[in-house]
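Turn these sequences into a full structure, and let the hints steer you where they fit.
Below, each chain spelled out in residue letters.
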Amino acid sequence: MIQLFFLLTYIAVAVAVGYAATKYASAESVMTREFKVSVKARLARITSMYRLSSLILRKPFTYLVLVAVVTSVIISGLNTRYENNLVVIHDPSVAGGTYDLMIRFNGPVSVDACVLVLRHVNADRHCVKYYRAVLDQPYTLERGRELIYVLIGVEDPVLRSLGFREVLPDLTFIYSGVVEGFTVDHINTGRGLAEIRLLPVSSDLLKNYNMFHGTPLVPVQGYIGTEPIIIPLKHVLISSLTNVLKLRGEASVLVTDVVVMGINKYVSPTEIYGLVDQHYPVTEVVVAGNASITYLSQVRVPTKDSIISALISSVTASVVIISIFSSTTPYLRELRNRILFMGFPPWAITVIIVGYTLMSILIPGLVTLTCVFIIMGGVATLNSVVTLTLAWVVSTTYISLRVRPEKLITETYVPPIPRYVLMTSLRDVRGLAEVIVNLIKTNEFFQTEDVELKVNENEAFIHARMDYVDSWGSGVDITIFITLTEGGTHASISSTVFGVEEVSEAMSRSINALAISRIIGGVRTWEAVYR
Amino acid sequence: MGSGIPLILSRVISRGSGLKVSVVTTINVSLTLIFRSNALVPYVALALSTTASIASVIVDFGFHSMITYVLLIHGSRPNHIKTYIALHSLLTAVVLSLPYVMLGFGSFLTALALTSIAASLTLGLTYRVVRKSASVPQI
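Here the protein sequences line up with chains A and B, keeping their order. Okay, so the first sequence: first residue is 307 according to the working numbering, each after it adds one. Okay, so the second sequence: first residue is 871 according to the working numbering, each after it adds one.
These aren't lab readings, by the way, just hints derived from the structure by calculation. Each residue gets a CB set at the ideal place from its N, CA and C atoms; glycine is no exception. Honestly, I wouldn't trust all of these hints.
Computed list of chain B residues with no C-beta within reach of chain A, every gap over 10 Å [as the list claims (entries may be wrong)]: (1) Ser880; (2) Ile883; (3) Ser884; (4) Gly888; (5) Leu942; (6) Ile943; (7) His944; (8) Asn949; (9) Lys952; (10) Ala956; (11) Leu957; (12) Val964; (13) Phe975; (14) Ser977; (15) Ile987; (16) Lys1002.
Across the chosen pairs, the derived CB separations fall in these ranges [unchecked claim]: (17) A:Ile680 <-> B:Leu979: 30 to 36 Å; (18) A:Met648 <-> B:Leu877: 54 to 60 Å; (19) A:His426 <-> B:Leu979: 44 to 50 Å; (20) B:Gly974 <-> A:His432: 51 to 57 Å; (21) A:Ile614 <-> B:Lys952: 27 to 33 Å; (22) A:Thr676 <-> B:Gly974: 32 to 38 Å; (23) A:Ile680 <-> B:Phe905: 22 to 28 Å; (24) A:Glu712 <-> B:Lys952: 38 to 44 Å; (25) B:Arg947 <-> A:Ile681: 49 to 55 Å; (26) A:Tyr369 <-> B:Leu979: 22 to 28 Å; (27) A:Leu349 <-> B:Arg947: 28 to 34 Å; (28) B:Gly974 <-> A:Ile680: 28 to 34 Å; (29) A:Ile680 <-> B:Ala917: 19 to 25 Å.
Now the stretches of chain A that chain B is said to cover, found in silico as 3 or more residues with beta-carbon under 8 Å [stated by the list, open to error]: (30) 367 to 376; (31) 629 to 635.
The structure is reproduced here in structure tokens:
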């Protein structure tokens, strides 16, 4: 018996679970289907918009838009003029009479650059050579596992200034990270291990050592305000040019910076830049003397002419594209109407147009910009970016405004309210009629031309013709019916504004309001007092 | 009808936007050539002027189609319509080629030839579409 009970219980539970599972599955499937339908509908809409954009894109006039954009962007890039950044800083501490010169190169160059510079400045001076390398792959000091990011090779006079009067032996470096007198370490250069010797140096001395007026020996990584940020000295190794070049594995003598001090005649930075840059890539030329320091850097900035040229190219491209778009407006409007009938939202045409201009103007423009950047450089690209952006924005705005849907809500003519029903709780019809007549007669905005009053037992009739005092020949004709009901009295006010000449809508509203509002306000006050 | 071609042309020019587009483009191209800093600029500008000549016809596409259609249904001879097309193209081309005068007569003639060919081909295409469909086409 008990077994039967459990069996039935199992069956009941199984049926109940099965039923619940079926219900859940069916509910889930409905939800999933609804979700799928919703997502599919959205996806279908997006796909349709994309297809419509593609449909416009396949029209022949797109080729013209394409050519106009590409040629304008190229013209803008070609017409770029730039000038090197020239900065002059007045510094009274720089002595007059002689001039100092520093040239910084893009990378290591042959030491012959010094000969070229000295020949140009025609000075019987010494050219101080520096080799400063910021390593992409740092070297590692094996003992302290310190990474070395900067190697600086200098001449003996500089080493003497740093406190090393004797010539440094082979593969001996000065390093601020050691405190002992003479340390042997191994350095991993990536090509293998090399045994080097390290000598301590004062961090303060190294940090404050300038190889030129205001230019630190340790390469500057950036500035906070006017304060230069240099690489931490524990990552810097300094030695003679020979040692550094040997560690770097360079066979020939290379330099990255040269300094010539005490030149007797003025050295033009632009001249020296032009001369040296023909043979070696120059980053910066600095000339100090006569209480000023002149910096002429490789950084190029576009000139005003260049920007004007970019704007002219933008205008040309915009005019050509707009003229093409204006001829397509009827087609696009027809397309807009069709998709509106199909149930697309009003903003769909804007999305389609923006998508079209993206594909026909912006993407080809960006491809052209890439070519301009590769062939002509960054400054030309800047000019072309101005042209492309302006042309795209102007064209897209124009065509979007031309084909946007008309407003669904329009302002229709609404005549001034000619009728008003006033309900009061009082039952004195005659009293109410007399009050209204009095209010009409005492309205200071109107001169009462005629007032008629007729009162029966349960109803009253008032007719008034009032001339508006501020405008000759216009006024209002008012008819009021007062009826007594169970709840009180109802006054139905009808008015008609008249005028010898045509009365404007605003004027009509104003006259009506002045006439009716006095009656309503007066009756309400009377009602409150009477009660 | 042939004698009326100059009159129709003058009306088309005065009422259409094509000449305005040509004039604005001419001014811009002139300024571009004046401020040019690269020897390749005139060649690229020539491509732009040629595009502008097509655009100056397309901007009045509906107008041109209608004029051609009206001329056809009023019995104009094909030669008259071709004369109209040639005159209109030449006028557009002359306006668009003016900036190249500063580069020399040869450049001017090259620009004139390219822009007039582009304009006449576009107008000719319109004429052919109208003649084939016997209706005012839409772009």
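Broken hints, by number: Failing hints, ascending: 4, 18, 21, 27.
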